Structures are given as structure tokens and as C-alpha cells.
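Asker: Please put together the full structure from these sequences, using the hints given.
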Amino acid sequence: MKKLLITSAISSAILMGTIPVSIPGLSQTQEIEAAQLSKGIGGRTYINSNGSILVTKIQLPPAMSVSNGTAYIYSGFTGSKEADIGLQYSPTYNVWKPTMKVGANNQETYIEGKNDFTYTKGFKPGSTVQMTIYKNLNGHTRATFWGTNNVGYTGRIITEIQNSNIGAVTKWKLLSTVAVTDDIYRKDIRANFSTRFTDITLDNRAVTPVVDTQDFTKVQVSGNTVDMQVLKTTN
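Per numbering that gives the first Met the number 0, the very first residue in the sequence shown carries number 0; after that it's consecutive.
The hints are simulated quantities; they were obtained by calculation from the structure and are not laboratory data.
It should be emphasised that the depicted structure is a prediction, and the values quoted were computed from it without experimental measurement.
Glycine is no exception: its CB is placed at the ideal position from the N, C-alpha and C atoms.
There could be a bad hint or two in this list.
Derived pair list, reagent style SDA-like, types lysine to any residue, alpha-carbon separation capped at 25 Å [to be verified]:
no., residue 1, residue 2
1, Lys38, Ala103
2, Lys113, Gly154
3, Lys217, Ser66
4, Lys186, Asn135
5, Lys170, Thr119
6, Lys56, Thr119
7, Lys170, Thr224
8, Lys217, Ile183
9, Lys113, Pro124
10, Lys217, Gly166
11, Lys56, Thr180
12, Lys186, Ser37
13, Lys56, Gly222
14, Lys186, Pro90
15, Lys56, Asn135
16, Lys113, Lys170
17, Lys38, Ile157
18, Lys56, Asn149
19, Lys170, Gln35
20, Lys38, Gln106
21, Lys56, Ser126
22, Lys217, Gly125
23, Lys217, Asp187
24, Lys113, Met63
25, Lys217, Val54
26, Lys186, Thr91
27, Lys113, Arg155
28, Lys170, Asn149
29, Lys170, Thr232
30, Lys38, Gly102
31, Lys38, Asn135
32, Lys170, Ser37
33, Lys217, Arg189
34, Lys186, Ser66
Pairwise CB distance ranges, derived in the manner of DEER restraints [stated by the list, open to error]:
no., residue 1, residue 2, range
35, Gly78, Ile110, 21 to 27 Å
36, Arg189, Tyr92, 19 to 25 Å
37, Ser221, Thr119, 33 to 39 Å
Answerer: Structure representation (C-alpha cells):
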């Protein structure tokens with residue numbers, strides 16, 4: 000399964016705004032032993048459904064401690080194409096910026112809000128961002144992010160991967176990760192941050208994700224809320 004893992008050079012260009020961002024559940028709390036993610040560390044849950052519209056609120060970490068890797072909080076789906084859609088942390092500006100990739104296509108189109116949530120701006124740490132993902136809206140995959148940026152503006156940014164033409168998907172996912180360009184760099188990652196996905200719905204129905212992976216990450220599920228704490232301080 001292809002993860003949202005982007006080389007440091009590309010990530011830097013994205014964050015600086017020099018190129019577009021190219022990129023049945025259980026009811027109780029769950030804690031399971033982790034499998035290992037490829038090219039990074041993190042937590043992953045799945046929603047075993049082929050629904051069309053996912054909505055969740057993301058409580059961003061109030062403080063970030065990450066080195067030797069790139070932090071992401073994101074969702075997406077698995078099917079004939081893998082989609083990774085969510086937020087990427089910019090240490091340069093201490094903000095979270097939208098990122099989107101469907102299959103091999105990471106050339107997103109900005110429909111609204113580009114100037115308010117890209118370049119030097121992005122979602123403010125500690126704030127809540129509502130994310131809505133449409134797997135197929137008139138042939139395109141669309142994401143809407145609503146929240147407050149680092150200069151106090153509250154609004155939304157809408158992005159699309161056009162002509163994705165997604166049909167049925169096998170499952171949806173929610174992740175919090177730190178990515179590197181190759182597995183040989185996993186040992187160097189240092190990270191300490193937490194996030195929460197709340198009010199998770201699929202096609203206007205509350206859903207309970209299932210824990211899949213806890214790789215240097217504690218993942219807890221309670222109803223349609225998921226908490227993830229990414230923690231790695233040594234090799």
C-alpha cells in the first residue's frame with residue numbers, strides 16, 4: 000500500500016509554496032501490537048466501507064516535536080487507486096498545510112482559499128480543522144478543509160485531484176505519521192505529538208474505525224473518535 004511519503008526536497012518546495020502540494024468498527028477502545036509502516040512511523044486505522052463522503056474534525060497538536068522526518072495527519076481511501084488526503088506539517092512556518100494525492104496524481108487544483116492556507120500560511124497548531132473528502136464529485140476527488148490559519152483568519156480551502164474517476168473503494172483510513180525517504184532513516188526519526196480525529200462520519204453515518212497499525216504510536220478508538228500519540232525518542 001502506498002503511503003503519503005514524499006522526499007524532503009519535494010516536501011520543502013511544497014511547504015514554501017514554490018510548487019503545488021502534490022501529494023464495521025468496534026465500539027470499545029482498542030490497543031493492539033503494531034505492524035511496521037513502510038518509510039516512516041505512525042498509527043493507522045481503517046473504516047471497512049466503500050462510502051462516498053468522509054467527514055471528520057482533526058484536533059491539531061498544540062506543540063510539535065519532530066526531527067529527521069516529515070509529519071502528516073491524513074485520511075484517504077483504498078481501491079483501484081490509493082488516496083492520501085490531509086495535512087502536512089511545515090516546521091518553517093509552524094503550520095499545517097493541505098496535501099493531496101490520488102493514485103500517481105499529486106497535481107491538485109485549488110478551487111478556493113489557496114492564498115489563505117498555502118505559502119507562508121496554514122492551519123494553526125492546537126486548532127481544529129474540519130476535513131471533508133468526496134471520493135468522486137463529478138469525476139474529481141475533492142477535499143475541503145475548514146479552520147483557522149496562523150494569522151487568525153477562519154475559512155476554508157478546497158482542493159481537487161481532477162479526472163480521478165474513482166469507483167468503489169474497499170476501505171477508508173485515518174493516519175498520523177512521520178515519513179522518511181527510505182527505511183534506512185527510520186531509526187533517526189524523533190517525534191512526540193498527539194492528534195485526535197472526532198465526529199467521524201461516512202455518508203452522514205457515524206462510523207467506528209478499527210486499529211490496524213501502532214508503529215511507535217499509541218492508537219485508541221472510542222466510538223467515532225480516534226486518538227493517536229506518535230512517540231519515538233530513541234533508536
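Asker: Under the constraints set out in the numbered hints, which ones does this structure not fulfil?
Answerer: 4, 5, 10, 11, 16, 17, 28, 29 and 31
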